[in-house]
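A.B. asks: Residue numbers are given in the UniProt record's numbering: position 4 of the sequence shown equals residue 4, and the series is strictly consecutive.
The hints are simulated quantities; they were obtained by calculation from the structure and are not laboratory data. None of the values given here were measured: they were computed from a predicted structure. Be a bit skeptical, because a hint or two may be false.
When the alpha-carbon atoms are kept at most 30 Å apart in a straight line, the in silico DSS-like pairs for lysine-lysine are as follows [as the list claims (entries may be wrong)]:
no. : residue 1 : residue 2
1   : K29       : K45
2   : K29       : K40
3   : K45       : K59
Derived CB-CB ranges, DEER-like [stated by the list, open to error]:
no. : residue 1 : residue 2 : range
4   : K113      : Y5        : 29 to 37 Å
5   : K113      : P41       : 34 to 42 Å
6   : K45       : G120      : 31 to 39 Å
7   : D128      : K40       : 45 to 53 Å
8   : F49       : H125      : 36 to 44 Å
The beta carbon of each residue, even a glycine, is placed where N, CA and C say it ideally should be.
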Amino acid sequence: MGDIYSVLRQLAGALAQLQSLGIIHTDLKPGNIMLVNDSKPLTVKIIDFGLACFESRVKVGSNAGTRWFKAPELLLGLPFTGAIDVWALGCVAVKMFTGYHLYPGRSIYQMLKFISETQGPFPDHMLDFGKKKKTVFHQRELLDTQDKYHGETGGTQSNRFKSQDDLRQVRDQYSILRPG
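Go ahead and model the full structure; you've got the sequences and the hints to work with.
C.D. replies: Structure below.
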């Protein structure tokens, strides 16, 4: 566990440095983290800046990133900021701790559904203006928006992650979760 925390601290520091320079990596994933020193403490570097961009030159609708580490903004083709790298870091952290993807799925739609079920409904503007809306919703299925969810239930979703136990329950609930 100590090694994982050390690696995550280094990655968070590297992302903070990138953000201070106005750079978004856009494809943070385990395959783009290089171990440069395997003696204690471990030393890592972020590699593969082929999809990186300056925050001032973000290309809306970009196909950047690897599916299981993409923030909802990328999945939907919305404008994005450096926050997508922080999202990816969270997904990397879960993968490192559990061996499983935080938001699995065989399609972008399934991933968005998992995210919506665990983090709450997406704001209406995200679903209304996503450039990839037709691709994502080709099955004519819709994710509940916040307005629709609150209107039908009169409340908020309570199935958000609050602890690692919540992550384990989701992992055990969905049979498509597999290490690797």
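A.B. asks: Of all the hints given earlier, name the ones this structure violates by number, lowest first.
C.D. replies: 8
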